[in-house]
Amino acid sequence: MIVLNAYGRFRLIDDNGDDVTPVSMKARGLIALLALSKDHCRPREWLQDKLWSDRPAKQGAQSMRQVLAIIRRTLGSQAHVLKTDCKTVSLDPRHFIVAFERRTELQDNEADQGLFGDLAVPDLEFEDWVREQREALADKSRTRGGESGSVWGAKANPAIFFRIGGTGDDDGEQIVRRMMSLATASLLDFSDFQIFQEAATPLAHKRVAPQYGIEVEVNCATRVGSTQLITTIRDATSSRVLWTRTFEIDNTAAPENVDEDQIHPVSAELVEAILTVFRTRGDDLGIPECAAMLANRGRNLIFRYDKRSLTEADKLLWLAYWYDPKPQYLAWRSFLRNMANFQHRSHSFLGDTVDFETLAREAIHQAPSSAIALGVGAHIEYLCGGSQRSSQLLARRAIGFDPLNAINHAILSNAELVMGNLADSRRLSLKALELAGGGDYRSFMEFFCCMSAAALGDYHAAIDHAEAALILRPTFRAPLRYLVALYKYTGRTDHLQRAVLRMRCAEPDFEVSHFLDDTYPVTTLRRMRLIDAIAAGSNNDS
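Reading the sequence shown from the start, the letters are residues 1 to 542 in our numbering.
FYI, nobody ran anything at the bench for these hints, they're computed from the structure. Here the structure is a predicted model, which is why all the values come from computation and not from measurement. There may be inaccurate statements among the hints.
[As the list claims (entries may be wrong)] Straight-line alpha carbon distances no greater than 20 Å define the calculated SDA-like cross-link-like pairs of lysine to any residue that follow:
no., residue 1, residue 2
1, K307, R504
2, K26, R65
3, K87, R65
4, K87, S37
The whole structure should be built from the sequences, with the hints applied where relevant.
What follows is the structure in structure tokens.
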């Protein structure tokens, strides 16, 4: 991945953080022209006209070939990012990003803060083009309300104002505060949102007024035997309602003793609602590109499972880390690579050599108290043949830091399964499914429920979970592999044949006997009795 600073000093940064900027000013100019073009692509003639407008066409073409060679040499191992043919020149959008962010270290040098501030290509056509681009971006900044809503505010993550409305009594307020505390911890483990907790005061009289963000208000209505939590998410500036939901909790116990099984799913649904609002209504809220928004979109794309979505997700998470080096983004990139390996049996299509073990270790090293870093680390520890006990302990710690994280409950379910604690594994997988609610990653939780049920020998439930996962995400291969084994074990011949055909559409060389291969991604399945049916009859499968 190559990142270009659009503002301040012209710099190209590679995956390792190394500066790969060409010395040649013409080379920099060509990159700038492509960077701001649709799909980072332009005809050769157009580029020549901007960089060598005072030269004959033949001489301009020769100069361009020399500049392209300079760029390739400078990019080194990333030279594949530059694409050329007889008509066009482009930068591969899968591996090239323009960062529209004014870096903190540039604030003392106002002269360099403009678009491509230090880029001085001696050609009148290029100078006119740069001037037009600067004016266009300045106009865009003004129409978005100044710097706070423009690319200049890219580093500022959106604000979340938690507000306790009417609670009726102290018991109701205690429940609401527990809910907000859990949601806050979970959100901060994902990204550095600007989170504030406020008393019940009118929105217009807020002590802190955000330029962009949301207000999350919870009103409480207490009745005999139950407490209703009326939860509303609004635009923090316009008060427009973006989401609302009423939850009901049994209040027969003292508020401090209200069952976690009631509080956790409600709090988890609120967290997902907040992330969904930011992801789907970000433009309406006027939120610029920032680390939290990029990471939020990236996480969502992981659970579509296809190569294009995984590649785009990795790109977004990489850029989020570049904006704000939060270790949790490394953990998500590690998780993504593991997902790619399970789904596609390789993550090489991502286009880099960074492996998931390195990312997971670095995430834990930088953030040893991060729930997602610990959870992903636990899963990688198991999958890479490490200590099962260490995997279990890491996953338990992860849940302790963030009990709302459905993914970590699923990972702990798997850790308990391989330790032989099958009842605990089943309980945790069902808790993961409950915490996921209707979220985009529910298919992932259904799959872990399939594994825990299969380990207990409840094959009908395992089949139900796997089929549910495929209804939610028909291209998700992990549950389909389990269905092959489950249909075979339970003697459902017709279903087995259809499942095998579906697998061969995704993996043309698929054979049921692949499950016996240690390199095939069914690590947990090989620990179950299901594998006996595969071993006994694999030679008869076709």
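Hints and how they fare:
About 17 Å separates the Cα atoms of K307 and R504, which keeps this hinted pair within 20 Å; it holds. For a cut-off of 20 Å, the pair hint linking K26 to R65 stands: about 12 Å separates their Cα positions. The straight-line distance between the Cα atoms of K87 and R65 is roughly 12 Å, inside the 20 Å bound, and the hint therefore holds. For the proposed pair K87 and S37, the alpha carbon gap of about 16 Å is at most 20 Å, so the pair holds.
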